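Can you build the whole structure from these sequences, using the hints too?
These protein sequence lines are chains A and B, in that order. Under my numbering, the residue at position 39 of the first sequence is numbered 39, and the numbers go up by one with no gaps. Under my numbering, the residue at position 62 of the second sequence is numbered 62, and the numbers go up by one with no gaps.
By construction, these hints were calculated from the structure, which means they are not laboratory data. This one's a predicted model, so the numbers in the text were calculated from it and none came from an experiment. Even for Gly, the Cβ is constructed at its ideal location relative to N, Cα and C. It is possible that some hints are incorrect.
To be verified - Partial list, computed: chain A residues near chain B (C-beta under 7 Å):
1. P15
2. T209
3. I212
4. M216
5. G217
Unchecked claim - Calculated lysine-lysine pairs in the DSS-like style (CA-CA distance at most 27 Å, straight line):
6. B/K74 with A/K303
7. B/K90 with B/K37
8. A/K298 with B/K90
9. B/K63 with B/K46
10. B/K74 with A/K298
11. B/K126 with B/K185
12. B/K195 with B/K185
13. B/K226 with B/K32
14. B/K126 with B/K188
15. B/K63 with A/K207
16. B/K188 with B/K36
17. A/K168 with A/K134
18. B/K90 with A/K207
19. A/K75 with A/K110
20. B/K36 with B/K90
21. B/K46 with B/K226
22. B/K32 with B/K90
23. A/K134 with A/K149
24. B/K185 with B/K36
25. A/K303 with B/K63
26. B/K125 with A/K17
27. A/K110 with A/K168
28. B/K90 with A/K303
29. B/K63 with A/K298
30. A/K110 with A/K92
31. B/K208 with B/K188
32. A/K99 with A/K136
Listed below are the residues making up each chain.
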Amino acid sequence: MANQKKFIARREELPLKGDSTSLFLQIMISIAVFLFAVTLSGVLSINTMLQNWNDSILGSLTVQIMPATHFNQEKAMAETLAHQDKAVAFLKTVPEIEKVTPLTDNQLEKLIQPWLGDGINIADLPMPRIIDVKLKKGAEIDFIDLAAKLSQATPMASVDNHKLWLNKLIKFADGLKMLALSVLALVIMITSGAIFYTTQTSLGLHKYTIEILHLMGAKDTYVAQQYARRTAILGLEGALIGLAIAIPTIFGIGSLARQIEGGIISEANLSIAAWGVILSLPLFASLIAMLTAYYTVKQTLQKMM
Amino acid sequence: MLNIDNNSGSIIDMQNVGIRYGQGPEILSDIKLSLKKGSFHFLTGKSGAGKTSLLSMMYLAQKPSRGIVSVFGKNVNFTNRDSLAMLRRKIGVVFQDFRLLDHLSAFDNVALPLRVCGMEEREVKKRVMELLQWVELDRSIQATPATLSGGEKQRVAIARAVINRPDLLLADEPTGNVDNDIAPKLMKLFVELNKLGTTVVIATHSEKLITDFAYPRLHLQNRSLKIFAPNDFTGMGGRHG
Chain A
1 MANQKKFIAR
11 REELPLKGDS
21 TSLFLQIMIS
31 IAVFLFAVTL
41 SGVLSINTML
51 QNWNDSILGS
61 LTVQIMPATH
71 FNQEKAMAET
81 LAHQDKAVAF
91 LKTVPEIEKV
101 TPLTDNQLEK
111 LIQPWLGDGI
121 NIADLPMPRI
131 IDVKLKKGAE
141 IDFIDLAAKL
151 SQATPMASVD
161 NHKLWLNKLI
171 KFADGLKMLA
181 LSVLALVIMI
191 TSGAIFYTTQ
201 TSLGLHKYTI
211 EILHLMGAKD
221 TYVAQQYARR
231 TAILGLEGAL
241 IGLAIAIPTI
251 FGIGSLARQI
261 EGGIISEANL
271 SIAAWGVILS
281 LPLFASLIAM
291 LTAYYTVKQT
301 LQKMM
Chain B
1 MLNIDNNSGS
11 IIDMQNVGIR
21 YGQGPEILSD
31 IKLSLKKGSF
41 HFLTGKSGAG
51 KTSLLSMMYL
61 AQKPSRGIVS
71 VFGKNVNFTN
81 RDSLAMLRRK
91 IGVVFQDFRL
101 LDHLSAFDNV
111 ALPLRVCGME
121 EREVKKRVME
131 LLQWVELDRS
141 IQATPATLSG
151 GEKQRVAIAR
161 AVINRPDLLL
171 ADEPTGNVDN
181 DIAPKLMKLF
191 VELNKLGTTV
201 VIATHSEKLI
211 TDFAYPRLHL
221 QNRSLKIFAP
231 NDFTGMGGRH
241 G
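Here's what the structure looks like:
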């Protein structure tokens, strides 16, 4: 019989596809995933940035040699350089230190150039000398002990391990990160709440069908699974749309950040792992939507006989 | 000690059952009833006498306001939701208003009780086609209820009620809308099911049905239930007074 072949396409018992809450849910999830992706990219960038700072700072320190004061500039310079040599000689004996590099006149000029402009002769100024010290990988050093020993070698030397200014930046970045994480938590809560209420509304819309299913012997799980399946698909579709809008936005913000000179923000690049997390958001959103719908249905149906 | 479950062999057992809606008066009071396995009863009473309320307690759509209702030996007040669902799978119901799902075809409507139980699709197809042919609806398997006549809808509703070979069949005016020639055929189906062990309760206003099929009768009047022997038409009104 021709008819027999056609009916194989089984229709869903709960007609959730055309229901008015579906579109709302999809738009809601799109917006949530967009906000989530953009905020998360911010958090992950800050993380990368902090990591970069830590990596570069932990492995290095700076030794400063105060300039000798003398009426004769040449003598003063010679004395300062002598102190520098003593410091370098001492630093080279420390086993945790890999490399000791005194900054050349040229390098020092470049450092002060933003403040004093071009055409400065470093020899005419009572300039401190700077020694860049690279520590061996993984080496831990007692800075106080090092500073004490160094001052014995030359009283004009002082050690700066960058911790002071870095700590302030880290605190600022941590504050930003906490703010972003709060936004993420808020987005999850609002989205789950929206799914909870749309699912309840939908249960109200389909009360008649659900009653019939119950009378036919359907368990709550049977109804909940249909909702979970549908919400997971809606969630995935909505999330993919949200992510599709979020990716160019993230690139846009990234390119704006790179235009800011100064080197701090430009270090906030997303790693491959961070992109992996952002690209997996639709699956995560779909899973949350599915679980929220499932447990909302189970909880709401408990109130029916 | 409280006796939670009843294993006396009754399919349905009611003790001092009363039912009311909200704060209103009791629709049914002090109902005592025991339906043995394999019994066949008609249920009569004027409109508003509480037939549908009594049936709805039997098919576990509502709990009594007071008293004890046991279905298949389980006290419904102490049975959890999943167990109630399992009990409902043993009950077939034909509703007066059919209660078909309008967005589903006749086939899918009839298949519903089987799919809810998780039956394999091949077996579902075989059983549903067989039954739809038997109730002469095999040409309308794809039709949605909106395109079916009242009689056809009723046959779909009956097919849905019996597809799972229920242990208990409850029917509310099952032959009210069908043509005169198909009504006896449907009644024959109920009788055959009863012979195979299904307990049957049919709510009806049809004196002809009660006369043609001599089964005992549960009669609701003044909120209480009385049981009459076959062919005893007390309280029916009409020609039997």
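Tested hints:
1. P15: holds (5 Å)
2. T209: Holds, about 6 Å.
3. I212: holds (6 Å)
4. M216: holds (5 Å)
5. G217: holds (3 Å)
6. B/K74 with A/K303: Holds, at about 21 Å.
7. B/K90 with B/K37: It holds: about 13 Å lies between the C-alpha atoms, which stays within 27 Å.
8. A/K298 with B/K90: With Cα atoms ~23 Å apart, A/K298 and B/K90 stay inside 27 Å; holds.
9. B/K63 with B/K46: holds (23 Å)
10. B/K74 with A/K298: holds (23 Å)
11. B/K126 with B/K185: holds (21 Å)
12. B/K195 with B/K185: Holds - the C-alpha atoms of B/K185 and B/K195 are around 15 Å apart, at most 27 Å.
13. B/K226 with B/K32: Distance of about 9 Å is within 27 Å: holds.
14. B/K126 with B/K188: Status holds; Cα separation ~22 Å.
15. B/K63 with A/K207: holds (19 Å)
16. B/K188 with B/K36: Distance ~21 Å between B/K188 and B/K36 Cα, so the pair holds.
17. A/K168 with A/K134: Holds. A/K168 to A/K134 sits at ~23 Å (cutoff 27 Å).
18. B/K90 with A/K207: This hinted pair holds, its Cα atoms lying about 23 Å apart.
19. A/K75 with A/K110: holds (24 Å)
20. B/K36 with B/K90: holds (15 Å)
21. B/K46 with B/K226: holds (13 Å)
22. B/K32 with B/K90: Given pair B/K32, B/K90 holds - Cα atoms ~22 Å apart, limit 27 Å.
23. A/K134 with A/K149: holds (18 Å)
24. B/K185 with B/K36: Holds, because 25 Å separates the two Cα atoms, which is no more than 27 Å.
25. A/K303 with B/K63: holds (13 Å)
26. B/K125 with A/K17: holds (25 Å)
27. A/K110 with A/K168: holds (25 Å)
28. B/K90 with A/K303: holds (23 Å)
29. B/K63 with A/K298: Given pair B/K63, A/K298 holds - Cα atoms ~20 Å apart, limit 27 Å.
30. A/K110 with A/K92: holds (26 Å)
31. B/K208 with B/K188: Measuring from Cα to Cα gives roughly 14 Å; hence the hint holds.
32. A/K99 with A/K136: holds (8 Å)
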